[in-house]
Amino acid sequence: MISLSSYAFVSMILFSIGVIGVIARRNVFIIYMSIELMLNGITLFLVTFARYHFNLDAQVITVLVIAIAAAEAAIFLSVIILLYRSKKSLDTDIFTTLTQGENS
Amino acid sequence: MNTPLLVWIILAPLIGAIVNAGFYFYHIKKESISDKVFSIIGTITPLIAFLITLCLFLQMREEGVVFTQTLFTWLSIGNLNIEMKLLGDNLAIFMSMFVTFVGWLIHIYAIGYMKGDNGFGKFFAYFNLFLASMLILVLADNPIILFIGWEGVGVCSYLLIAFYYSDKENVIAGNKAFIANRVGDFGFLLGVVTLFFAIGADSLSFSTIEANINNASTELLMLAGFLLFVGAMGKSAQIPLYVWLPDAMAGPTPISALIHAATMVTAGVYMVARFHFLYSGIEDIGTFIAYIGAFSALLAAIIATRQQDIKKILAYSTMSQLGYMFIGVGLGFYSSGLFHVFTHAFFKAMLFMGAGGIIIALHHEQNIFKIAQHRAQLPIIHFTFLVGVIAIAGIPPFSGFFSKDAILAAAFQDGEYLIWGIGMFTAFLTAFYMFRLYFIVFIAPSKHVAQYVYTSKTITIPLLILSIGAIGAGFLNFPAIFGGSAFVDTWLSQLNSQKIHLAHSTEYILMAASILVAVAGIVVAYKKYAKFDIYNPENEEGIIANKFYVDEFYDKVFVQTSKKVSTFIDKVVDDKIIDGFIMTVCNEFVSFGKKVATIQNANVRFYAAFMLVGMSCIFVYLYISLGL
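Just so you know, the sequences run in chain order U and A.
For what it's worth, the working numbering labels the leading residue of the first sequence as 1076, then goes sequentially.
For what it's worth, the working numbering labels the leading residue of the second sequence as 25, then goes sequentially.
Quick caveat, the hints were computed from the structure, so don't treat them as lab data.
Hints are not guaranteed to be accurate.
To be verified - Simulated restraints on C-beta separations:
#: 1; chain 1: A; residue 1: Asp603; chain 2: U; residue 2: Glu1147; range: 36 to 46 Å
#: 2; chain 1: A; residue 1: Asp603; chain 2: U; residue 2: Ala1146; range: 23 to 33 Å
#: 3; chain 1: A; residue 1: Met635; chain 2: U; residue 2: Ala1145; range: 48 to 58 Å
#: 4; chain 1: A; residue 1: Ser649; chain 2: U; residue 2: Ser1161; range: 39 to 49 Å
#: 5; chain 1: U; residue 1: His1128; chain 2: A; residue 2: Ser649; range: 23 to 33 Å
#: 6; chain 1: U; residue 1: Ser1161; chain 2: A; residue 2: Ser56; range: 56 to 66 Å
What the hints assert, rightly or not - As a list, the in silico DSS-like pairs of lysine-lysine whose alpha-carbon atoms are at most 30 Å apart:
#: 7; chain 1: A; residue 1: Lys471; chain 2: A; residue 2: Lys336
#: 8; chain 1: A; residue 1: Lys471; chain 2: A; residue 2: Lys394
#: 9; chain 1: U; residue 1: Lys1162; chain 2: A; residue 2: Lys471
#: 10; chain 1: A; residue 1: Lys552; chain 2: A; residue 2: Lys394
#: 11; chain 1: A; residue 1: Lys394; chain 2: U; residue 2: Lys1162
#: 12; chain 1: A; residue 1: Lys619; chain 2: A; residue 2: Lys336
Every residue gets a Cβ at the ideal spot worked out from N, C-alpha and C, and that includes glycine.
Kindly produce the complete structure, drawing on both the sequences and the hints.
Right, here's the structure in full:
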């Protein structure tokens, strides 16, 4: 039997890898995948606790998260394509045009 | 007696000004309007004002009533109640009679003078406004309304002197007139305020002031009288605020005629006469006014003897004649002073208009020696100019003699022999410099004489009408010792605190003396200038030709000093102290803001990291504070 803390540890590692990926990487796709990783870390955590307490409420939220992540993926990918078309690059550091400041 | 007509004396030229201004805007923006339209509106409206005044005058003479018209309550503060009210008493109607009449003739003259000018419509709009302002001043029932007109003529004189605004010199002259007048106006305003506190009444109308004048302390009244007179010094160009008057010649000649004959410069004399109850109550201030007048008359006459610009000579002669008027009103002989205003309006308007005719004929040449070198045949102008010169020199029976002599006799009777002496000497100088002008311009031998020069009828007809006035106006106040009725004296008798009651023999001697000095002046001028070599003009050096360096003195003392003070305030107080403090505070805020702004660099990854740090902080805080 794998202990609860092991599940929690894995999901924390997944989440942290996701956070580091978002902060450290410049490629938009990698950032996107890192976000997915964070989501997965959280959902794993939720599912673990659901099993632990014999309660299915968290399963519902997990399914919801997966559905929303799918919808988000659709929008995110199209936004990335538009950004790529306008800048010919996937580097997030040059996607600064949406700010109101003068450094766009 | 209440009459609705009074306001129309003012409204007629005012409406003319507004309509002309409107048409002029249309003229420059859309399509051009013929000069005829402007000139018809511009000349009919003063005529209407004159006709209304004439009707009121006739009624007044018939029934002996005083006209008033209350328009509305203007100010009502606490107990103080200032009404927009017009007063048409003997003095006001007398003034507005010749202001409108002479003003009307000058308007007609201006049609000919300004012909073909680009700003024709604008000129007539200003001109009507000038007349309307003067009429507000004359018909005002309280000093506050008087002040509206007082400022109005100041503004209009500025607009008109600087009429050819593309020329820098004209604009400077306009500014000078305006600023010199502002100095006076400030005095006037302070005077009104002093008067208000001195009498402590709940209304400021002239009748209220007169009724409550005994409540006030003599010192305050004296101060008020002096301050009001400072205003008159500015408007009527007396020492020390006269310097704007000769420079005001920069404007077109009709303006000079209007300013000098009918409107602006007479305002000061009128104002003193309006406050006759104040000035005759305090003898000292009246004497002071008379002395200022006498010295102004003398100074201006001395300067005039060496000027070469035809209009400047006339300007200085105006200042000199205004000095006489102030002698008259200062000594309490208001009717004599105002009678001189009246006669002066005719001959000075005529002289200016004659000078304008010559200037036009000679393509804007104003130096008398150059005018003489290219003499034009202008018989009507020659005739009227001669009439004007004789009138101002004081040869009977021309009008100038009677009014000037009345003032001199008054000074003699009052025992002010110094003023009388100055007046006599000035009369000599007046005859001398006016005939110097006449002999050089019309008589001295010249080689180039143009046979025929066109002059417009609108120029010559007003001149002829005015020449009748210049000759005959004196008979309106024909002295009683010649069996005259002294109409003006009777008409304005309620103003006078004094009456001439010299022995007849003394009066005859005084008259003979003043005729004698006038003739002496003419003879000296004849000897010196009738055969003067105009190709070898007088040099322009010397203290008199340079107007005693008063302008330079004012420039050094007032202008340069205030410039230095202003520069000091600008460079040190403003730039260093005030700006230094304020800008330091501002710059601190700005630089702090800039530091904050560097965070907002629109970098997604940076934002994410920042969010993480923030969330971590919150979690740590929650962890510690909740003890989880």
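Structure-based check of each hint:
Distance hint check: the CB atoms of A/Asp603 and U/Glu1147 are about 55 Å apart, inconsistent with the given range 36 to 46 Å. Separation of A/Asp603 from U/Ala1146 is about 59 Å and departs from the stated range, judged on CB atoms against 23 to 33 Å. Range check, A/Met635 to U/Ala1145: Cβ separation about 24 Å, and the 48 to 58 Å hint is violated. Between A/Ser649 and U/Ser1161, the C-beta spacing of about 46 Å keeps the proposed range 39 to 49 Å intact.
The given range of 23 to 33 Å is respected by U/His1128 and A/Ser649, whose C-beta atoms sit roughly 27 Å from each other. Remark: the range hint 56 to 66 Å for U/Ser1161 to A/Ser56 is upheld by a beta-carbon distance near 58 Å. Taken as a hint, the A/Lys471 and A/Lys336 pair is honoured in the structure, with Cα atoms around 25 Å apart against an allowance of 30 Å. Annotation: proposed proximity of A/Lys471 to A/Lys394 holds, straight-line Cα distance about 12 Å (limit 30 Å).
Between U/Lys1162 and A/Lys471 the alpha-carbon distance is near 90 Å, which puts this suggested pair outside the 30 Å criterion. For the given pair, A/Lys552 sits about 18 Å from A/Lys394 by alpha-carbon distance, which is consistent with the 30 Å threshold. For the hint linking A/Lys394 to U/Lys1162, the alpha-carbon distance of about 81 Å lies beyond 30 Å, and the restraint is violated. A hinted pair counts as satisfied when its Cα atoms are at most 30 Å apart, and A/Lys619 with A/Lys336 does not qualify at roughly 68 Å.
In this structure, the earlier hints numbered 1, 2, 3, 9, 11, 12 are contradicted, and the remaining ones agree with it.
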